[in-house]
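J.: One-letter residues, chain by chain:
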Amino acid sequence: MQLSTKHLLGIKELSPEDISTILATAQQFKEVLQRPVKKVPSLRDVTIVNLFYENSTRTRISFELAEKRLGADTINFSASGSSVSKGETLLDTVNNILSMKVDMVVMRHSASGAPHFLSKYLTDIPIVNAGDGINEHPTQALLDAFSIQEKIGTLTGKKILLIGDIMHSRVALSNIYLLKKMGAEVMLSGPPTLIPPYIKEAFDVQVEYDLKKALQWCDVANVLRIQLERQSQVLFSSLREYNHAYGVTKKILSQVGKEIVIMHPGPINRGVEIDSDVADSGQSIILQQVENGVAVRMAVLYLLAGKKNE
Amino acid sequence: MKIILNKEQLHLSIIRLAHHLMENHVNVDDVVFIGIQPRGIKVSEKIVECIQSLYPGKKIQYGLLDITFYRDDVREEFHVAGKTDIPFSVEGKKVILIDDVLYTGRTIRAALDALQDFGRPQKVELCVLVDRRFNRELPIQPDYYGKAIDTSVSQKVKVEWDKEEVVLY
Chain A
751 MQLSTKHLLG IKELSPEDIS TILATAQQFK EVLQRPVKKV PSLRDVTIVN
801 LFYENSTRTR ISFELAEKRL GADTINFSAS GSSVSKGETL LDTVNNILSM
851 KVDMVVMRHS ASGAPHFLSK YLTDIPIVNA GDGINEHPTQ ALLDAFSIQE
901 KIGTLTGKKI LLIGDIMHSR VALSNIYLLK KMGAEVMLSG PPTLIPPYIK
951 EAFDVQVEYD LKKALQWCDV ANVLRIQLER QSQVLFSSLR EYNHAYGVTK
1001 KILSQVGKEI VIMHPGPINR GVEIDSDVAD SGQSIILQQV ENGVAVRMAV
1051 LYLLAGKKNE
Chain B
712 MKIILNKEQL HLSIIRLAHH LMENHVNVDD VVFIGIQPRG IKVSEKIVEC
762 IQSLYPGKKI QYGLLDITFY RDDVREEFHV AGKTDIPFSV EGKKVILIDD
812 VLYTGRTIRA ALDALQDFGR PQKVELCVLV DRRFNRELPI QPDYYGKAID
862 TSVSQKVKVE WDKEEVVLY
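Keeping their order, the protein sequence lines are chains A and B. Here the first sequence is numbered in my numbering, starting from 751 and rising by one per residue. Here the second sequence is numbered in my numbering, starting from 712 and rising by one per residue.
Incorrect hints may appear among the rest.
[Claimed, not checked] What follows is a set of in silico ranges between Cβ atoms, one per label pair, in the way DEER data are often shown:
| id | chain 1 | residue 1 | chain 2 | residue 2 | range |
| --- | --- | --- | --- | --- | --- |
| 1 | A | Asn845 | B | Pro798 | 48 to 58 Å |
| 2 | B | Gln720 | A | Leu1037 | 30 to 40 Å |
| 3 | B | Val864 | A | Ser860 | 36 to 46 Å |
| 4 | B | Leu849 | A | Leu978 | 38 to 48 Å |
| 5 | A | Thr807 | B | Val864 | 51 to 61 Å |
[What the hints assert, rightly or not] In the BS3-like style, the derived pairs of lysine-lysine whose C-alpha atoms are separated by at most 27 Å in a straight line are:
| id | chain 1 | residue 1 | chain 2 | residue 2 |
| --- | --- | --- | --- | --- |
| 6 | B | Lys753 | A | Lys780 |
| 7 | A | Lys788 | B | Lys874 |
| 8 | B | Lys869 | A | Lys789 |
| 9 | A | Lys780 | B | Lys804 |
| 10 | A | Lys788 | B | Lys858 |
| 11 | B | Lys713 | B | Lys794 |
| 12 | A | Lys762 | A | Lys901 |
| 13 | A | Lys836 | A | Lys870 |
| 14 | A | Lys788 | B | Lys805 |
| 15 | B | Lys794 | A | Lys756 |
| 16 | B | Lys858 | B | Lys805 |
| 17 | A | Lys789 | B | Lys794 |
| 18 | A | Lys818 | A | Lys756 |
| 19 | A | Lys931 | B | Lys794 |
| 20 | A | Lys788 | B | Lys834 |
| 21 | A | Lys1008 | A | Lys962 |
| 22 | B | Lys794 | A | Lys780 |
| 23 | B | Lys805 | A | Lys789 |
| 24 | A | Lys901 | B | Lys858 |
| 25 | B | Lys805 | B | Lys769 |
| 26 | A | Lys780 | A | Lys870 |
| 27 | B | Lys794 | A | Lys818 |
| 28 | A | Lys789 | B | Lys834 |
Note that these hints are calculated values from the structure, not bench results. Glycine included, every Cβ here is placed at the ideal spot set by N, Cα and C.
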């Protein structure tokens, strides 16, 4: 099945079939990444620009590796050190880059909706959202889903818990959209100040403020980072207190009484939302998530690039 | 519609191909068999099964290769990627690529590219069930074939495994 969309702006715009197609294609790319030569020539006639208006380690390296392993040419752009500081607008910057014959755009931006804005002007060029403000981070949700499937076989009917800064997390929103579309049960846990009050009804998810009860309910716990850079007011008293109430520690996991899968999208604030001995334990699949990220992004780029000639 | 190989002929062709392959490769340990996804899998399974029965004590090395990501029309048409599973090294081995119908030769061109990414075989040979002789678009010929036929571009050749026959439409 071909994707129903031209861009990957968010999981919101994808159908369950699109998600299945991406995950199935990623499975084949994961095999490619185990070969002696970890590269295929599928996109050797494609040039991709990575526009990063916001800092990133994993996502930027992961996209770049995915592009190179598909044989595409890549250009990297970061806002710092560019003409953005001279006042050039987003649209001007992009149009200038595209006039040099670029075929695809991967963009991260601190403004929610920036890739959606761009998609109104660039009709021929597929845009991949690599995270926009507090809105969505679709490839992260896809790689999370891929990792869950790999670990426990399926998403359907599974109980997935998202812990922490739900309000500021684009990873949370993309995950909620995806998990609901694929028939998983979703629960949110964290301080009431970090969980939007309307989210329960809006997305048909459960909210449990008691972390221990939430952990006892779930099969998989996805621990989110506290996004201090996006918090303009005091939403909890201290990082130490946060760790005490909502940190995923060995102690609380030992009280749960079953082995649950621990995930984290990175970067980790060790000792805040998750303790080191949990993050580095056998029940954590944090590094597998990173590994799977390349295969999932290869699938997204491959499937979107294939639509160009329609 | 015309039947090119009926059930009995198809069966005999597979046995003949298996014997012909082993006649040329006496040392079975040096040879690996790779079926091309998706339509080469069934025929390669049958050939390998037959060879396995000739060498009951040996483990015949058999893998699957998907060539979707190596196609030259990858961005013009959508193709579902199949599974690749080559659980052994092809380095220094004699590789037998197996497909059902050889037509334009483009699939085999892609398969040769894909194979290179797994190592450097000592030799690669091609075995097909049906060779559509006069429709080649690349200089590729089979080393072993079940049946060679002359067809026009408008015709279609299909191996129908449920009825076990090869049909020309």
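J.: Evaluate each hint against the coordinates.
T.: Now the hints, each set against the structure:
no.	hint	result
1	Asn845/A / Pro798/B: 48 to 58 Å	holds (49 Å)
2	Gln720/B / Leu1037/A: 30 to 40 Å	violated (54 Å)
3	Val864/B / Ser860/A: 36 to 46 Å	violated (55 Å)
4	Leu849/B / Leu978/A: 38 to 48 Å	violated (59 Å)
5	Thr807/A / Val864/B: 51 to 61 Å	holds (53 Å)
6	Lys753/B / Lys780/A	holds (24 Å)
7	Lys788/A / Lys874/B	violated (40 Å)
8	Lys869/B / Lys789/A	violated (32 Å)
9	Lys780/A / Lys804/B	holds (25 Å)
10	Lys788/A / Lys858/B	violated (37 Å)
11	Lys713/B / Lys794/B	violated (32 Å)
12	Lys762/A / Lys901/A	holds (25 Å)
13	Lys836/A / Lys870/A	holds (25 Å)
14	Lys788/A / Lys805/B	holds (22 Å)
15	Lys794/B / Lys756/A	holds (26 Å)
16	Lys858/B / Lys805/B	holds (23 Å)
17	Lys789/A / Lys794/B	holds (16 Å)
18	Lys818/A / Lys756/A	holds (21 Å)
19	Lys931/A / Lys794/B	holds (26 Å)
20	Lys788/A / Lys834/B	holds (22 Å)
21	Lys1008/A / Lys962/A	holds (12 Å)
22	Lys794/B / Lys780/A	holds (11 Å)
23	Lys805/B / Lys789/A	holds (23 Å)
24	Lys901/A / Lys858/B	violated (46 Å)
25	Lys805/B / Lys769/B	holds (16 Å)
26	Lys780/A / Lys870/A	violated (33 Å)
27	Lys794/B / Lys818/A	holds (22 Å)
28	Lys789/A / Lys834/B	holds (22 Å)
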